[in-house]
Each structure stands twice: as C-alpha cells, then as structure tokens.
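Number of protein chains: 2
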Amino acid sequence: MKVFIIGTGLIGGSFALDLKDASENVQIYGIDQNEAHLDEALELGVIQHKATMDDLGEAEVVYLAIPVDAAMKLLPEVLDRISDNCVVVDAGSTKEKICRIVEGHPKRRNFLAAHPIAGTEFSGPSAAIRKLFLNKTNIICEVEKTAFKLQEKAMTIFNAIGMRIRYMDPASHDRHIAYVSHLSHISSFMLGKTVLEKEKNERDIFDLAGSGFASTVRLAKSSPEMWTPIFSQNKENVLETLDEYISNLKHFRELMASNDFTEVYEEMNRTNHIKTVLNGITENENLKTLENGK
Amino acid sequence: MKVFIIGTGLIGGSFALDLKDASENVQIYGIDQNEAHLDEALELGVIQHKATMDDLGEAEVVYLAIPVDAAMKLLPEVLDRISDNCVVVDAGSTKEKICRIVEGHPKRRNFLAAHPIAGTEFSGPSAAIRKLFLNKTNIICEVEKTAFKLQEKAMTIFNAIGMRIRYMDPASHDRHIAYVSHLSHISSFMLGKTVLEKEKNERDIFDLAGSGFASTVRLAKSSPEMWTPIFSQNKENVLETLDEYISNLKHFRELMASNDFTEVYEEMNRTNHIKTVLNGITENENLKTLENGK
Chain A
405 MKVFIIGTGL
415 IGGSFALDLK
425 DASENVQIYG
435 IDQNEAHLDE
445 ALELGVIQHK
455 ATMDDLGEAE
465 VVYLAIPVDA
475 AMKLLPEVLD
485 RISDNCVVVD
495 AGSTKEKICR
505 IVEGHPKRRN
515 FLAAHPIAGT
525 EFSGPSAAIR
535 KLFLNKTNII
545 CEVEKTAFKL
555 QEKAMTIFNA
565 IGMRIRYMDP
575 ASHDRHIAYV
585 SHLSHISSFM
595 LGKTVLEKEK
605 NERDIFDLAG
615 SGFASTVRLA
625 KSSPEMWTPI
635 FSQNKENVLE
645 TLDEYISNLK
655 HFRELMASND
665 FTEVYEEMNR
675 TNHIKTVLNG
685 ITENENLKTL
695 ENGK
Chain B
405 MKVFIIGTGL
415 IGGSFALDLK
425 DASENVQIYG
435 IDQNEAHLDE
445 ALELGVIQHK
455 ATMDDLGEAE
465 VVYLAIPVDA
475 AMKLLPEVLD
485 RISDNCVVVD
495 AGSTKEKICR
505 IVEGHPKRRN
515 FLAAHPIAGT
525 EFSGPSAAIR
535 KLFLNKTNII
545 CEVEKTAFKL
555 QEKAMTIFNA
565 IGMRIRYMDP
575 ASHDRHIAYV
585 SHLSHISSFM
595 LGKTVLEKEK
605 NERDIFDLAG
615 SGFASTVRLA
625 KSSPEMWTPI
635 FSQNKENVLE
645 TLDEYISNLK
655 HFRELMASND
665 FTEVYEEMNR
675 TNHIKTVLNG
685 ITENENLKTL
695 ENGK
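Going down the list, the protein sequences come from chains A and B.
Under the numbering used here, residues 405 to 698 are what the first sequence spells out, in order.
Under the numbering used here, residues 405 to 698 are what the second sequence spells out, in order.
Hints were generated in silico from the structure; no laboratory data involved.
A hint or two may mislead.
If chains are identical, the list can't say which one is meant, so a pair holds when it fits in one copy or spans any two.
[What the hints assert, rightly or not] Dumping the calculated DSS-like pairs for lysine-lysine here, alpha-carbon to alpha-carbon at most 27 Å:
#, residue 1, residue 2
1, K639, K604
2, K549, K602
3, K639, K501
4, K602, K501
5, K654, K604
6, K535, K602
7, K406, K549
8, K679, K501
For reference, chain A alone in the conformation it holds in the complex (with noise of 0.2 Å):
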C-alpha cells in the first residue's frame, strides 16, 4: 500500500513509522516544503521515498499533517490530483474551517477529516516518536460525508496503529478542543514569558524551579509555526476560553487580596476534582514526553 505524508514531522512522522511497524507491505512516501526535513525523515527510516505533489496520483493513503493554515490551501489540490480509491485524512487541531473549505469540493467522498489528540512539545521529523497514537483518541468529524469504502479503509489504519475513535461535528470538536488544548497552550506560554521577563532583572530565578514550573510551562517550548494558525481558525472559542481563565484568576486574585483564604482553600479543594478526571492521562503522556525528551 502506497501511503504519501505531506508534513514529516512530528504527528505524519510518528504516523508513518506507526504504521510501517504494523503492516509489512506499506511503503511510506514523503512530501515536505522543507528539502532538509525531507532528507532528515528519509534518514532516520521515517520515510522509504521521498515525493512530491506530482506523484499523488499513485497514492493510495494521503496524511495531512502539516500546520492548519498550509492544510486549508492544499487540501484542494490534494483532492484534485488523488485518484477516486484514496482517502485523504488530515490531523488538523481545528476543523471547522478545513470542513467548510472542501464542502463543494468533487472529491469530498475521499476526505476524512480527522484530529489525533496524541502530540508532544516537539516538532520536526527527529521528534517523530513511535507508538505515539497508541490508545489515544482520533476525533473524526462528517465521517458520512466520506465515501463508506474510504472510511473502511481509514478505520483499518487507525485501527492497526491503536487508535480509539470518536465522532463530533466540527463546531463542538473546536470549541471543546479550545478548553482541553488550546487554552493550555495559552495559559503556559504566558506562565513561561512572565517568569522569563521576570529574571531580565532577577538573575538565577530558574535556579529554584522545579517539576511543577517545568510541568506547567512545558508547551511554552511549543511551535509558533503550528500553533499560531490554530489560535487564529478557532479565535472566536479560544478568546472565549481566556476571558473565563483571566475571570477565574482575577477572582482568585480578589480572595487573596482581601484575606479570604477559607475561600482560597474551597477553590482549590473544588478543583481537586480533576484528580478523577486526569486519571489515565498523564503517566502515559508524561512516559511519553519523556521517552522523546531523551
């Protein structure tokens, strides 16, 4: 099976050795704007051939993984150069916008459009790290928009790299996506630039930081190339998500300022809660995060 990735970093790469482990004959083919990751994925076994968009005409299999803006503007062509037996699937953290732009499109039967919640805080084909997708939730949006043969053929796949499937249209999939991820990226990357402005004139602040900082402010090491794209398609849920976050920190900025610790214990003690709700989460991602780290 000819399997083509447009985007060898880390989500297509970390698919590709995925599935190249799981099938004997799949022959992973790469197609990258970027010559030096393209080299880089052939190097380290990521890739078997490098390609380029003349060649979809052959492909079976195309994964999108590439920053939601580039997908928005190549996804059309992608459609109009594949044959009629290939499913296109793409990996994008937003998809309403990339639903909308293809919805008159002829071959819109051979989308699938898809968002693994699996990913660390590096990027490029180095940081392409296997078993990533393994027990991990794949969001598929309009699944009946996609032709039945085609969404086999996609569950086969997912399937076979350990994927659990779930199914939300695209306005509820952004919006409770702005929650559980996009907010995250938010609140770390401005924990990270206050501390950092913060040691200008405090020299040796790092010193003293310990897990919980390194925990908390671990995606500020994110990609601004991926992820400004994101918080731009999902402005209107992600703005909507940081006005409650600014509220809930002003509040407990009031409690602290006027004393009402017994309210500051009973926020804190309310939030516990998440214990329940994270079980399962972290060691896996941490473990994960960890072994790329390495």
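Chain A is already provided as a structure; the job is to place chain B on it using the hints.
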C-alpha cells in the same frame, strides 16, 4: 542517630526513606498530628518508631515538614524541647516569616531554615518516594545564624541524600519562588477550574484531553492544606506575579482580538527561549511524577 520527622507526608516521608537508606545507624522517629498517617508511615516503613513532642529531647536531628502555618506555630515549641546538640531543619516553601518568628529565640542557633525544591502533586505517607531529593536544589536561608557544628551536621545529611545547596536571603527566596512555583500552582488550579466549569454544560469534554492539558493542569491536584498557608504567607509576592501573569494574558487576548497574529507568533517565538532554561528539569521530574503516580 535519632532523627525525628515532624509531618510524615510526601516531603518528610521521602526525606526519611533516603536518609535511612543512606546510613545504617539512623533511626527515624515520626511525629504527626494525624494518627492514621503515623500508623500508615510505620506500616510502609517510612519511619521506624512512632513518637510525640515529649520525646524531642532525645532528637539529634528534627526535620519539620508540615504546612507553613503549622510550622510557624510549632517551631518555637520544638526549639524549646530539643537538646543543645540537636539541629532543627524546616522544609517550608516560604522563608521570611518562619525566620522572623524565631529571630529572638534562645535556641535560634539550633535552627536551619531550608526549602528543598522537590516534590510531586501527591501527599500523605503513601506519596513518600525514594530519591525525591537526588540532585535537587536545597535553598538555605540565614545560614550564618545557625551554629557552625549544626550546619555541618545538616550538610552531611543533605549530601547523603544527594542535594545541591544554594544560599539565599529569605526575602529573595520568597520573591523568586513566587514566580517559579507559587504562580505555576495558581495558573494550573485556575485552568482546571475553567475547564471543570465548562464541563458542567458540555459533557465528555475530557475525552479530548491529551498530554498538554494533563501536564499544565497537573498541579491542580496539589493539597489545599499545604498551599493555602503558602499563598497567605507569601501574599504580596504572589499578588505581584498574578498581576503580571493576568496582564500578559490580557495582552495576548488583545493581540488575538485585533487579529495581530504576527505578534501572537512573536510572543510564542520569544517564549520558546524557555527551552534552554528548562534543560535538565523536565525529564527527571516527569520521571519522578511517573514513579509516584504508578
């Protein structure tokens, strides 16, 4: 050597485990107002003997690892009860107030003010783990006010469990730690609160949560009993960090609202510098959380 641990939770318990491993002739005596915790610590082998405040006269070393408000109340009494050759080390996350309260105490020279930059989001005797302090920084305040022979005794112990020593005045400690530790906890608690509030209306939102959310919200599992008094004692510094954090978040929000995504990119790009700062912290600490979490 008779070592008394007051507070047999995560910090006191982990200190006890490593110290016992480090030298044959150490006997660990546990004191805890929570009788159930004391029994648990004994069963888990975290301590070898249960003890009370009345036994402190026999202590050669006392390690005070209880919430900082309780430590303020208890430390003078501990100093009243110990012998002249006993050193009392605290582990509190705030240092100004505890140093001030014992300023005029006749046994001030028996006290060493310390803050180990080590921990996880878990608490209680069952959270105690080995090697928690290995290669971690131990901040020592007002070392000159501790009797030299007792400094030596404490340093021998810190070396035995593999801690790096750093000296700092209490005011600088409290100002710096507000940025790299206290603010991280608030940002994480409020992130958890924001998403939990949203989940009331939008079900299953956490099916979309991945590693990024788990990492940024990890500290929201921390103990309110421990953190409320920290925020109270370090109020002025924490309010300053909160104001800067909130203002950075508002600025980011305005950049998004006005579609200035070039500057949104730059904000994240500049903050990526945090990568270099975090080298060496993340992996070890994630590993520790991991072992603990299992």
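Each hint, compared with the structure:
1. Only between protomers do K639 and K604 lie at most 27 Å apart by alpha-carbon distance; the minimum there is 22 Å, versus 31 Å within a single protomer.
2. In this assembly of identical chains, the alpha carbons of K549 and K602 never lie at most 27 Å apart, being 51 Å within a copy and 29 Å across copies at closest.
3. Taking the closest pair of Cα atoms, K639 and K501 come within 27 Å of each other only inside a single copy of the chain (12 Å); across copies the shortest separation is 45 Å, beyond that limit.
4. Taking the closest pair of Cα atoms, K602 and K501 come within 27 Å of each other only across two copies (23 Å); inside a single copy the shortest separation is 38 Å, beyond that limit.
5. In this assembly of identical chains, K654 and K604 lie within 27 Å of each other by CA distance both inside one copy and across copies; the values are 25 Å within and 21 Å between.
6. Proximity of K535 to K602 under the C-alpha cut-off of 27 Å is found in neither arrangement, the shortest distances being 39 Å within a copy and 31 Å between copies.
7. Taking identical chains as interchangeable, the C-alpha atoms of K406 and K549 lie at most 27 Å apart only when both belong to the same chain, with a minimum of 23 Å there against 73 Å between chains.
8. Proximity of K679 and K501 under a CA criterion of 27 Å is satisfied in neither setting, with 34 Å inside one chain copy and 32 Å between copies.
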